[in-house]
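The hints should help you fit chain B onto chain A, whose structure is shown.
Protein chains: 2
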Amino acid sequence: MNDLTIELRQDNGKHLYEQIYLHIRREIRKGKLLQGEKLPSTRSLAEFLQVSRSTVELAYDQLLSEGYIEAKPYKGYFVCPAEGLLDMGEGMPAEDGWKSWKSVEMEKKEGYGTYGMYGSGKAYDYDFSPNTIDMSAFPYATWKKITKGILVDANSEIFLSGSPKGDFILRETIARYLHTSRGVNCRPEQIIIGAGNDYLLMLLEKILGRHVKIAMENPTYRRAYRIFDSFAYRISPIAMDGSGMSAKGLRESEADVAYVMPSHQYPTGIVMPIGRRMELLKWAGEKEGRYLIEDDYDSEFRFKGKPVPSLQASDREGKVIYIGTFSKSIAPAIRIGYMVLPPPLLKIYEEKCSFYSTTVSRIDQRILNEFIGKGYFERHLNRMRRIYREKHDMVLNGLKGMEKDFAVSGENAGLHILLQNRRGRSEENLVGAAAEAGVRVYGLSEFCVGEMAPQWKRDAVVLGYASLGKEQIAEGMERLESVWGR
Amino acid sequence: MNDLTIELRQDNGKHLYEQIYLHIRREIRKGKLLQGEKLPSTRSLAEFLQVSRSTVELAYDQLLSEGYIEAKPYKGYFVCPAEGLLDMGEGMPAEDGWKSWKSVEMEKKEGYGTYGMYGSGKAYDYDFSPNTIDMSAFPYATWKKITKGILVDANSEIFLSGSPKGDFILRETIARYLHTSRGVNCRPEQIIIGAGNDYLLMLLEKILGRHVKIAMENPTYRRAYRIFDSFAYRISPIAMDGSGMSAKGLRESEADVAYVMPSHQYPTGIVMPIGRRMELLKWAGEKEGRYLIEDDYDSEFRFKGKPVPSLQASDREGKVIYIGTFSKSIAPAIRIGYMVLPPPLLKIYEEKCSFYSTTVSRIDQRILNEFIGKGYFERHLNRMRRIYREKHDMVLNGLKGMEKDFAVSGENAGLHILLQNRRGRSEENLVGAAAEAGVRVYGLSEFCVGEMAPQWKRDAVVLGYASLGKEQIAEGMERLESVWGR
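Residue numbers (this note's numbering), protein chains in the order written: chain A, 1 to 486; chain B, 1 to 486.
Only chain A is shown next, with the shape it has when bound in the complex (with noise of 0.2 Å):
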């Protein structure tokens, strides 16, 4: 226990469990915490500090999300293996970076309605898919502002053609929003912005070249598959174990270059632990043309601890690029993602593709600019990620009489999670009951590309409730019981 005198300070800015979290963290990542050691339970922990239970549980929770350590089942908490984890040294992201995540109360309350903007299916009443966003709490209002102001006369520059990598002003509030928010560390040269993600991979296919081999998560995001297909790029799926993209089929696949999503897998909902990931940089380390695409998707929704760092954060050598969009974190039409590219990358980006102009108006970077650089992109995700989290309650709920059939998955973050069955119970039969009480759930065999790893059987299905009201997500839950409980 020696370890773990923490000094807790009420004076100093942090919440309790953050300076837990970051002491423990700390110390693992000075190795006074070696790999395989026992952590105290949280209640001991919690006594021996003077703090709630709670507390220390939140700090647990942060630290498993990150994988730092790890929970077995009737034992307790573990620290990880994490290779390469001591080296890391400043590339974890700044401890006080993360300022602007913590929790602001909303200085509006806004109400916010249930229409499913998808609609549901054609013959079934709730769609759970897990492909949708919620824009009813959107500030309409305030975006309609915002474009109101830049509309104007004074401001005629800016329908004439701008940067091909975008607007200045834009990527330096991006490279500090991604900065705060998720650590990654780049300057505002390294960014390109597009019109969403499909075009930046088109244009990350120029800067790649044509011929590559490109390792992909199986399970994985179907649309980014169809598109590295359609460049004719030899794919190699690798398949998932519990910590993600498995660094020995990696190794094996002899690929140049892997698409991963550490921070929650789609679908699989898995977060890449410290120590995988720097299995994988230290992969892409060995060898000049290596790197790592990093599908930041949906990282801004996680509903326990503290967001899990980025990737490109832990990236030394320049392997890692970083990619994200806006569309599930303001609306998908706006059309605006963006790409950090790396040194070595960037180097060939601005010789050889740097012509391409601009996919995204500079009016509509402008508005984006303001909407984050205003605060109202902070408030506006504070509050989706209440009414996400509310949504998740209610699945997780929702479970609680079928929690002997099911494990669940992927559930303190993202817009869906991943049910697996205990009793063998094939997806197909489990799609196909859901289907006849007028639910659809979505098997996982859809998002595989090539063989299912073992670990993968057949029966587990994939739940998004982002456009979901909470009555609908309630008695669509009942349903689904009453198909699945039986």
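These are computed hints drawn from the structure, not numbers from a lab.
There's no promise every hint is true.
One copy or any two copies: either way a pair holds, since identical chains are not told apart in the list.
Under the rule of at most 20 Å between Cα atoms (straight-line distance), these lysine to aspartate or glutamate pairs were calculated in the DMTMM-like manner [to be verified]:
#1 K328 - E157
#2 K32 - E7
#3 K352 - D229
#4 K206 - D229
#5 K470 - D393
#6 K72 - E288
#7 K206 - E350
#8 K328 - E378
#9 K347 - D229
#10 K72 - E378
#11 K470 - E481
Everything numeric in this text was worked out from a predicted model, so none of it was measured.
Chain B alone, transformed into the frame defined by chain A:
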């Protein structure tokens, strides 16, 4: 003269010059006026028809610019050779389709400023860049009003992801606009809206495949050249003759696809005559997989006669890929272009590429749709045409003292002209002398890819005038005369 007995009417809503133009065109198409046949002089036809001479001149100008007739110095007007012309049938746009282009009296006169948006180059007082536009008369207030109307809560569905091709409503509007203004024959289904020309060409690469040999006019639009080059397309520069891309050169190149600007070639300003158009279409029709990319980049601005119809309007076999943008006609910043795919390529797009998300914000699509649909675009174009015509006339006026020394071409349309020195003065000498006088002009060789065709000696310069104010043009032309007129 028998063929030219034209029954002119005052009551059918058509201008006299239009009736003359339509009559002669019909006679040529029917074969009643044969290739090489001489037309009456404008003076004698005017006397014969009892109309003013300028009315006949307008009609002849239109026939000239569309390639039905040609003017031979000191000899008169002759009917052009036109391979395949008689078979065109309804391939030509409907005559009444052009109505929307009649000069519309502006509802409100707006002053326009003189500030050159791109400023002058570093050391230059006046930059005659061919690649700018004048935004000083842009109807910002209208754009703002439309935007405000679009961004109402009731429209919240426009914040959700839309069709990969772009919203149907905008594609309908664009189809209608292209039909009436450019004679383009297409259904909205054939239109893909994308974030500018560069993106649309990237998408086209996915459709055409990557093993394409592409023929380009030489000189040409260098941005397109660099884009095709970045695709690793094999590029065959084909010498331009006075009618555009040489059909013989195209044949010999063994290219699969040709990229052409038939309505106002960049930078030569040459309008491809009907005969050459037919030759190119014939070439494309001879083999599966052959296509013509028609980049109709500045056809909105035509100062004499009615717009030259698009090449697509004459395409009966689905061989033309028509590309255009609102960058010159509205604003470069809005990043909206369109591509019309012929049916065989549309099929490939649907099968292989329709999963790429749209690159244009739905909000922007809706704003543009209203801007066009409610007549603001037409009014804006008419206003801009007047402004550009005034500037254009000032440039020609400024050339009067140098008439003997320079041949002017491309002067009936677009936002730049080409000057060819008659006394063998070199491009370098012309550009250098201008620079010493603080004026920037552009040597034709800057637009060349590969070797320059023999008829384009290094004795020509390009002058654009869109973003210069009238006083700047006057002063700039005076300075040019002082160094070129010596």
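(request) At 20 Å max between alpha carbons, let me know whether K347 reaches D229 within a copy, between copies, both or neither. (result) For K347 and D229, only the inter-copy Cα distance (18 Å) is at most 20 Å; the intra-copy one is 26 Å.
(request) Measure nothing new, just compare the shortest in-copy and cross-copy C-alpha distances for K206 and D229 to 20 Å and report within, between, both or neither. (result) Close inside one copy (15 Å) and across copies (11 Å); limit 20 Å.
(message) Regarding K470 and E481, is the shortest C-alpha distance of 20 Å or less found within a copy, between copies, in both, or in neither?
(response) Close inside one copy (16 Å), not across copies (76 Å); limit 20 Å.
(request) Pop the pair K328 and E378 into one bin, within, between, both or neither, using alpha-carbon distances up to 20 Å. (result) within (14 Å within a copy, 37 Å between copies)
(message) At most 20 Å between alpha carbons: which applies to K72 and E288, within, between, both or neither?
(response) neither (38 Å within a copy, 64 Å between copies)
(request) First find the shortest C-alpha distance between K470 and D393 inside one copy, then the shortest across copies, and answer within, between, both or neither for a cut-off of 20 Å. (result) Answer is within; shortest intra-copy Cα gap is 10 Å, inter-copy 66 Å.
(message) When Cα atoms must be at most 20 Å apart, do K352 and D229 count as within-copy, between-copy, both, or neither?
(response) For K352 and D229, only the inter-copy Cα distance (10 Å) is at most 20 Å; the intra-copy one is 23 Å.
(request) Could you figure out if K72 and E378 sit no more than 20 Å apart (CA to CA) within one copy, between two copies, both or neither? (result) neither (36 Å within a copy, 70 Å between copies)
(message) If the cut is 20 Å between Cα atoms, do K32 and E7 qualify within a copy, between copies, both or neither?
(response) Cα proximity of K32 and E7: one copy only (17 Å, versus 102 Å across).
(request) Could you figure out if K206 and E350 sit no more than 20 Å apart (CA to CA) within one copy, between two copies, both or neither? (result) within (12 Å within a copy, 23 Å between copies)
(request) Up to 20 Å between alpha-carbons, please classify K328 paired with E157: within, between, both or neither. (result) between (30 Å within a copy, 15 Å between copies)
Hints 6, 10 from the list above are not met by this structure, while the remaining hints are.
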